[in-house]
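Visitor: Since chain A is already given, all that's left is putting chain B with the ligands on it; use the hints.
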Amino acid sequence: MTVGGATVEFEKIRKTYGDFVAVDDFTLTTEPGEFVTLLGPSGSGKTTVLNMLAGFTDATAGDIRVNGQSVLSVPTEKRNVGMVFQHYSLFPHMSVLDNVAFPLRMRSVARAEARDRALKALAMVQLESTADRMPDQLSGGQKQRVAFARGVVFEPPVLLMDEPLGALDLKLREAMQLELKQIHKTVGCTIIFVTHDQSEALTLSDRIVVMRDGRIEQVDTPNRIYDRPANKFVAEFIGQTNFFALESEPSTGAGNLPELGSSIPLPESIDARAGGDWWVSVRPEKILRIAEGAERGINFDAAIDEALFLGNEVHYQASLPGGRQLQFREQRGPDTPLLARQAAVRLGFDYSDAIPVADTHPASA
Amino acid sequence: MSRKMGNPGSILLTAYTVAAIVFLFFPILIVIPMSFSGERFLGFPPKTLGLRWYMNYFSDANWIELTLRSLRVGLGSSILASVLGTLTALALARSQIPFKKAITALFAAPVVVPTVIIALGVFIFAVRSRINDSELTLIAAHATIALPFVVMIVGAAARQVDPTYEKAARVLGAGPVKAFYYTTFRALMPAVISAAIFSFFVSFDELIIALFVMSENHTLPIRIWSDLRFELDPTIAAISTLLIVFTTAAMIVADRLRRRSARKPDA
Ligand SMILES: Nc1ncnc2c1ncn2[C@@H]1O[C@H](COP(=O)(O)OP(=O)(O)OP(=O)(O)O)[C@@H](O)[C@H]1O
Ligand SMILES: [Mg+2]
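So the protein sequences, as listed, match chains A and B.
FYI, the numbering for the first sequence is 191 to 555, going by the working numbering.
FYI, the numbering for the second sequence is 2 to 268, going by the working numbering.
Just so you know, these hints were derived from the structure itself, not from any lab.
For each residue, glycine too, the CB sits at the ideal point set by N, CA and C.
There could be a bad hint or two in this list.
[As the list claims (entries may be wrong)] Below, simulated SDA-like cross-link-like pairs (lysine to any residue); rule was C-alpha separation at most 20 Å, straight line:
id, chain 1, residue 1, chain 2, residue 2
1, B, 179, A, 297
2, B, 168, A, 284
3, B, 179, A, 219
4, A, 268, B, 168
5, B, 168, A, 248
6, B, 168, A, 371
7, B, 168, A, 264
8, B, 179, A, 362
9, A, 202, A, 219
10, A, 268, B, 30
11, B, 168, A, 285
12, B, 168, A, 257
13, B, 179, A, 264
14, B, 179, A, 246
15, B, 168, A, 550
16, A, 361, A, 345
17, A, 268, A, 257
18, B, 179, A, 300
19, B, 168, A, 288
20, B, 179, A, 284
21, B, 168, A, 300
22, B, 179, A, 288
23, A, 371, B, 27
24, B, 168, A, 310
25, A, 310, B, 176
26, A, 268, A, 283
27, B, 48, B, 30
28, B, 168, A, 219
29, B, 168, A, 297
[Unchecked claim] Footprint (simulated), chain A over chain B, 3 or more residues, beta carbon under 8 Å:
id, stretch
30, 14 to 26
31, 166 to 176
Bound conformation, chain B alone:
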């Protein structure tokens, strides 16, 4: 910190940083106060305060139904992506398969392909096989786009796990499954949980694929999106606020776990 704040470059940089933060947090700064409005219409700033929009959300059967559906789909795709992704990451980290680099790159594909394209593909496939409008189809589709994150997060952790531990467990009397469980799996647990949380949210707030696939059985993001197009209902501000709190808390937990698993144990 030998340089003072005085030079034009650093002033510009500071201004830019502040602007960027305001830009990123602007929606949150508007939405949270709005959700506590006591008024009948969406407006900013709220003139009176109250919890009526929260009550409105919890007492609306449809909102709750859609929330439960999104939770189910999120949970399902999170479990599917975590299991498949963990196995993939282990295979890529451990085995001497040919074309390892290419295969690794292939697993990142869903991140690069625009979601609309994936949505279109899933839609055509689902309609042809008559499995559209099904939660299971959406679970599978969401698991696909979450898979790369799991492979990345768990893969990073798997490369840190020294295979000597598993060997040690074997020679000390553990069969292959127990040896894996007591060493590698334990070491990967934080990363797997972190990846599972991440996958859950990839699914939970995903709109585009859900729009294509779920024509009748809507999800929470679909209703938020369609409601916003026609009416300005402060219930959405209340839901958004709940989501922000829920997501932030989960992401903090996930990040802690990810960091813990990325740190090399020296024992």
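In isolation and in its complexed conformation, chain A is listed as follows:
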């Protein structure tokens, strides 16, 4: 069951409830077969975007096109998109097989053929053996895998998933992420996936759309989002990071980091030169313990507060002489000593690891 995925275009989509703006200026074009994740805190409008594509909610303004055709006036059942919900939405009074065959039966596929195709879809999630069970005889993970099968059995060019793994525990969630990748590879449809779990987004996606308050903050590949966050919000939302205040000096083109008592050169392109609320983001794994004489771009002294031993890695919390705290990580081999509390360390990072980010407010974003 391989289908080409569709191109989905959102053009300046806006959704308001009374005076409240739930989604604004949402513009995005997916590649066919792409796995795009909408990521953002609760209330940022992710579900609203999916609902407008599925036809559960009308857009206030803008257009949504699938393979070039506007779908806004097409009723939900004719949009031919698959959908998997967070809360298991298998029909409780139908057997697993009937659930999976449902979309086919609604498309007037003959009973025998529907059965065959439903069984094939169940085989894809390794659940053919449960075909005759009722949904309440399945575990949470199994229910969600059946929901995947039901969502793709009719070979929709687009599959929408609204936090499909949100109700599962961590371990199961990781296993299901792998399974989901497999399904995506087999089926080849375009997937628009919603989560507020950033690590899930990083693992699964071809591209991530970071949302805040109904607006897109950044659209990029997972590694670009992680390495080159567009602003302070994105840097903070994705992964862990340390922020240091950045004060620019227009005359020299340098940026001062008063907390660290040093400065970094600012590239021409950075707006920080024009003023505003700017910071540098430095990921914990980029801050390294340095030996005497092996100074890096920025160097400073700190004292260890806390060490979290994780086997191959140690997570440290340290404070600067002024009391400001920061996080850093250290890969360790068999001989790497564990730093004790209060231990004095010299730390440093390269200029290129200090990413200037602005603290933009959503209204002016």
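Guide: Here is chain B with the ligands on its own, set in the frame of chain A:
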């Protein structure tokens, strides 16, 4: 159960419970043995046993006619109340209409208003519009007093049905009607049937409105009531016994269904 039965409070409570149960079941305990009496007159306890009063009921054309009428009226008002009540319950559970609380309360009104008042209202209206003594009028009147029960029973079930199911059905290719049928309606079925059974009995043993409206075309409760006033015919004990069995069985089924629909499905 750490406390023993010995303390005066619990003895009193036990005595009260037993008394209450005896009081509630007393008529049944008298009526059932009496219906199997072989005697010519109503008496307790019966001296000889037999089925003559049951035969008497089944061979009396008038009893059968009235029974069939009450069944028809019961069925008619049950269907009417179930359909209207289910639609009302769904509207109240699903839509964002203004004054929802007030409207919900309004639908409970027929339970609070004394039946005599309703009967009087229906009577005046029926006589003026020349539709008294009609089964259809009685069906409508009985549907009115059954409606609150349907709205309550189906409403409780409707609030348990997650609208996500219907959305899921839509996006998987079902039109609005099919999506409703395969999800919400299926989930509400037990509650609707339970409410229908309940409505049937609200009508089937209703006396007061029937007395006002049906001057010629009597119903089963009317004849039971009028017979009891003039003669002590053990046929009535036989009918009552049949009714008790029939009602109990139906109520057990209805309650099972209601419970099933009130349980939240976790699938
Ligand atoms: N029917 C509605 N009426 C009014 N406001 C609504 C309605 N539906 C959603 N909203 C608002 O729109 C905003 C976006 O909601 P949405 O459900 O899209 O968020 P989300 O990003 O999916 O959040 P979550 O991660 O919690 O699911 C929220 O502030 C929500 O309160
Ligand atoms: Mg949501």
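Visitor: Are there hints from earlier that the structure breaks, and if so, what are their numbers?
Guide: 3, 6, 8, 10, 12, 15, 16, 21, 23, 24, 25, 26, 28, 30
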